[in-house]
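Listed here are the chains, written in short residue letters.
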Amino acid sequence: MATESEELESLVNRRYEHGFVTDIEMDTLPPGLNEDVIRAISARKNEPEFMLEWRLKAYRMWLQMREPEWAHVHYPPIDFDAISYFAAPKSDADRPKSLDEVDPKLLETYDKLGIPLHERARLAGVAVDAVFDSVSVATTFKEKLSEAGVIFCSFSEAVENHPELVRKYLGSVVPQRDNYYAALNSAVFSDGSFVYVPKGVRCPMELSTYFRINSANTGQFERTLIIADEGSYVSYLEGCTAPMRDENQLHAAVVELVALKDAEIKYSTVQNWYPGDEEGKGGIYNFVTKRGDCRGANSKISWTQVETGSAITWKYPSCILRGDNSVGEFYSVAVANNFQQADTGTKMIHIGKNTSSTIVSKGISAGKAQNAYRGLVKVMPQADGARNHTQCDSLLIGKECGAHTFPYMEIKNQGAKVEHEATTSKISADQLFYCRQRGLSEEDAVNMIVNGFCKEVFNELPMEFAVEAQALLNVSLEGAVG
Amino acid sequence: MSNSDKLRSAAEQLGPDGLSDLRSRAAENFGTTGFPTTRMEDWKYTDLSIASDISVAALDDFRVDLPPSYEIPDIEAHWLIISNGSPQVGGLSAIDGVDIALLSEADVDLQFDLPLADLNLALLSDGLKLTVNAGVNVDKPVGLLFFDDADTDSLVSQGRVIIDVQKGASVQVIEFHTTRGDARKYANVFVDLNIEDNARVDYARLQARDLSAVQTARLSVAAGRDATLRHFALDTGGKLVRNDLVIDIAKTGADVEFNGLYLADAGQHVDNHTRVDHRVGPAHSKQEYRGIIKGRAVWNGKAVVHEGADGTDAQQANHNLLMSERAEINAKPELEIYAEDVKCSHGTTVGQLDENAVFYLRTRCLDEEQARRLMTHAFAMGVAHRCPIDACTTWVDSHVEDALNALVAEDAK
Amino acid sequence: MLDIKNLSASVGGAEILHDLSLSVGTGEVHAIMGPNGSGKSTLAQVIAGRDDYEVTGGSVTLDGEDLLDLDPEERAREGVFLGFQYPVEIPGVNNAYLLKAAVNAQRAHRGLDEIDAFEFLKLAKEKMALLGMDQKFLNRGVNEGFSGGEKKRNEILQMAMLEPRLAILDETDSGLDIDALKAVAHGVNALRSPERSIVLVTHYQRLLDYIQPDHVHVLSGGKIVRSGDKTLATELEERGYDWLKEAANG
Ligand SMILES: Nc1ncnc2c1ncn2[C@@H]1O[C@H](COP(=O)(O)OP(=O)(O)OP(=O)(O)O)[C@@H](O)[C@H]1O
Ligand SMILES: [Mg+2]
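Chains as they are written, first to last, in this note's numbering: chain A, 1 to 482; chain B, 1 to 413; chain C, 1 to 250.
Because the hints were derived from the structure by calculation, they are not lab data.
Values in this document were obtained by computation on a predicted structure and should not be read as measured data.
Mixed in with the good hints there might be a few duds.
Derived lysine-lysine pairs resembling BS3-like cross-links, with alpha carbons at most 27 Å apart [to be verified]:
no.: 1; chain 1: C; residue 1: LYS182; chain 2: C; residue 2: LYS136
no.: 2; chain 1: A; residue 1: LYS426; chain 2: B; residue 2: LYS239
no.: 3; chain 1: A; residue 1: LYS281; chain 2: A; residue 2: LYS168
no.: 4; chain 1: A; residue 1: LYS399; chain 2: B; residue 2: LYS343
no.: 5; chain 1: B; residue 1: LYS251; chain 2: A; residue 2: LYS426
no.: 6; chain 1: A; residue 1: LYS368; chain 2: B; residue 2: LYS239
no.: 7; chain 1: C; residue 1: LYS5; chain 2: C; residue 2: LYS100
no.: 8; chain 1: A; residue 1: LYS347; chain 2: B; residue 2: LYS44
no.: 9; chain 1: B; residue 1: LYS286; chain 2: A; residue 2: LYS426
no.: 10; chain 1: B; residue 1: LYS302; chain 2: B; residue 2: LYS239
no.: 11; chain 1: A; residue 1: LYS199; chain 2: A; residue 2: LYS142
no.: 12; chain 1: B; residue 1: LYS302; chain 2: A; residue 2: LYS417
no.: 13; chain 1: B; residue 1: LYS302; chain 2: A; residue 2: LYS347
Computed, partial: chain A to chain B, Cβ under 7 Å [unchecked claim]:
no.: 14; residue: VAL418
no.: 15; residue: HIS420
no.: 16; residue: LYS426
In this text, a Cβ means the ideal position worked out from N, Cα and C, and glycines have one as well.
Construct the complete structure from the given sequences, taking the supplied hints into account.
Laid out in structure tokens, this is it:
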């Protein structure tokens, strides 16, 4: 162990000697946003003309828009002119040089989550590009994908190598003017992921940002675009269970999914950004727009999310069920502890015939947190045979937290069948007592009950993610009881 | 003259009396706010521009005319008549244990918190204040008949009633809305119901206006310690109807149950908003609304459990049957919870009749139409039977039956 | 009475019954047994005319009349009665009301006058007494909140009131206590007559001790794989179904 960290340290120092710092400074734009900044971002990324135009259009729309206020969240106004919209990767000089410099609390959490040692350095933002394991894994991974014809690369690479795909699909699900943060993202996004699965291909492995080279610093305005061509299938994992070190307070990502005829996309997220401390200081504002378009007949998009992090989460992964017989799913666990605020849910827009959607939302509030489910089920007049089932449950742990549900149902078709059920309660005293009578500690009993409460959602996660998610839940609720 | 000037002069024209000051203040307020718009969350699905049109037209030539006669529903009750917005003093019969006064002569504190309440006050010729004396058990239901009748032009009428049910008293109240005549009518009604400790109120709001009428109505309830409320609302009439039922539970032990049935035929728009605030616990609230819809309906139920209101039990249910291709329902069951020891739930369904049950009935020799009719009827009656006032049940049964037949009959055409 | 020839039927896109043939003579009692999921209820529902079951081939006739063309209520009025494995709860629809509406619909079909209310009640109470059912069930919603056994008794009550030509009872014996089982058997036996046919779907020999079948069939994988007399039921009780499945597949 000691030798490993020494090794790393020497590596770090060597890099520093090579004068990375000057390089980086040239790349950083001063804070503030105007058209020149956008031109600079686009130029810096060698983007084709259409991308610059697209960004500028988004920027002009953004200027006309107002920050949304309807969500059940409260925060001081954001100064958009104080943000630097093109910050190159953090200079290594500012990063911890080894795990020894990392906040011991963070390390303790890694321990509880069972994060492998070699991972911890990368996650904690230690200035090492030396996680050789994952680089080699990534290489074999890339080979397999290209054999199958799957394109999986950073957004910048996609703009460079597959401009026709980007041009065709970018903004086709989340248009620039969609909402305030989507417009901002469209104007200034730094990078993100791009996936294209060709016709009839079943992507041979679960795709994860974790394996994507260059993913180290996608920054605060991330953009993801996934296209599943006819008859294809892809499962995509975003985020990871470990708390990431991040200096940016505002995150406004956009994710667009397009499923063509007979295609299926499964998108799983574990979000564990820094939630702020126990007093509610700091923490990430996570304002994300995620939307999937079931464009073709018989297509399916399934969102699964486990949201435990961020000071404020504002996020509604949605499905537009355009194709006949298309299917949308949303499975969510949202945990809010201490001073966290979560306003999350989904929208299911039924347009095609015989479309169906399922919503399962499990909200857990503890400490002084506020947790809201906000959802829309809309059945258009032409959507004959539409079906929706929504189950929306909230669990309260503690007297000072809040749990809210705001479900909208707008049904304009006689043949639609829509069912919505919601419950809110505290952890059942009977269940707690039963577990404790069988010898479990109160904390273990709570963990067990909460995990049981979330089971339906965890079942939707890919295997290894599911195990981590359970551990994560326990860590997130630490100190909530007793 | 601008619309707000017209409103101000109409308000003046109603005086001078004990309400003059209130009227002019309210007219002032409404002049600045105007009608709620669909940009407001609470009014997202209900557009009041037609109410505004009728009001503007009525203000052009504002006067309070009284109809020559009234149509009193066939329900055994002490009827108090409010016609075209005016309480009929002549018709005020004495009720044992109940004090009845005109608002202009009573000492009351009226709220200015909502634009429609301002409109109501600005154009209010007069209202009623009923006090059910402590410990009294009123022998027969007290009926409030809101009867609007005009043949030509546009009629805008305001109704306002304050009911104070003192400690340990118990009373049944029927709020009945009906119309006559061809005029375009807009009625805007506010009822405040204060149920003091240990008192009980059974309440039925029965709305059977004509199919061109517009109504906005709000019932605000304050429930005292161990107070009981049983409420039932029926809407079959109106072109555009918006009802608000707002219940405030600020003392422990309250037990409130409110149910409703709305039938919206093609061309009708029926909006029910309910809100119950649990400020303390333990207390119990339960509601179920059902809709049978060929036109457009809105249902928004909200339960707010405030910090510290532990021991709250709040249940909401809303079920809708869509009966035509153009039918539309916008439903929103909301829970806002800031306490821990609570049991809250809501269930909302939108759909058609249960096909399993229809099949079952058909294997028992009923034809499909019979089976559907029977199921639709059972669906409606399932909630109509919870009307807490026995004196109303015959009327409710036959009225619902007729309304359902009218709704279904059109299919045969 | 009932003639099923080469019937194939599917539900939700999957074919459940394959080329099934079965003949039930007038006055006979047949028992159909078979493993879970073999298609017994599917067969019963197809005969009763459930429309999410699609008939893809074959014919079903009742005394020579094609049943497949008829609506469910027409079949019922012709005298086909289905006792459901899972009787449906219909909250708000009064049990007595349904019973009376059913009886009258059938009487109208037969060209008879409506039954008089007094007569109806008398008859219903009589039948209920026979089944050991409390009269309070008349005033409850159809099967609403009934226990498993109460629902089954209610099915038999409806059967007794409608006096069908052909009664198909889908696992009417499951969930019954001993007394109820006897009562149900009694109800069925009372109906037994040279003009009537009865098809019992069951998993247990026990019921057949009370209602002696003339024929026993085994339905497996959507087909009748074996037919015999009542000794077949005893044999099944001892040996299970595996040997038959193997025989059918081999
Ligand atoms: N709607 C449906 N969609 C798909 N398959 C169905 C559907 N309904 C029934 N099935 C399937 O058809 C098969 C036959 O079902 P059926 O109910 O007829 O069995 P059964 O013989 O009555 O069984 P049991 O003894 O358990 O009552 C089963 O495999 C069942 O899962
Ligand atoms: Mg079965």
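Review point. For the pair supplied as a hint, A:LYS199 and A:LYS142, is the alpha-carbon distance within the 27 Å limit?
Key: 19 Å, holds
Point to revise | Hint validity - A:LYS426 Cβ closer than 7 Å to any chain B Cβ | key: 5 Å, holds
Review point. Is the Cα-Cα distance between A:LYS347 and B:LYS44 27 Å or less?
Key: 17 Å, holds
Check your understanding: Regarding the pair B:LYS251 and A:LYS426, is the alpha-carbon distance no greater than 27 Å?
Key -> Status holds; Cα separation ~22 Å.
Check your understanding: Between A:LYS281 and A:LYS168, is the straight-line Cα distance small enough, at 27 Å or below?
Key -> 42 Å, violated
**Study point:** Restraint satisfaction for A:VAL418 [CB to CB of chain B, less than 7 Å]
**Key:** Where the cut-off is 7 Å and the nearest Cβ of chain B is about 4 Å from A:VAL418, the hint holds.
**Study point:** Proposed proximity, C:LYS136 with C:LYS182 (alpha carbon, max 27 Å)
**Key:** 21 Å, holds
Review point. Does the structure keep A:LYS426 and B:LYS239 at a Cα separation of 27 Å or less?
Key: 43 Å, violated
Review point. Does the structure keep B:LYS302 and B:LYS239 at a Cα separation of 27 Å or less?
Key: 25 Å, holds
Check your understanding: Given the proposed pairing of A:LYS399 with B:LYS343, does the C-alpha separation stay at or below 27 Å?
Key -> Satisfied, since the Cα-Cα distance of roughly 14 Å is no more than 27 Å.
Review point. Given A:HIS420 as an interface hint, is the shortest Cβ-Cβ distance to chain B below 7 Å?
Key: 4 Å, holds
Practice item. Measure nothing beyond the straight line between the CA atoms of B:LYS302 and A:LYS417; if it is 27 Å or shorter, mark the hint as holding. Key: 23 Å, holds
The earlier numbered hints that this structure contradicts are 2, 3, 6 and 7.
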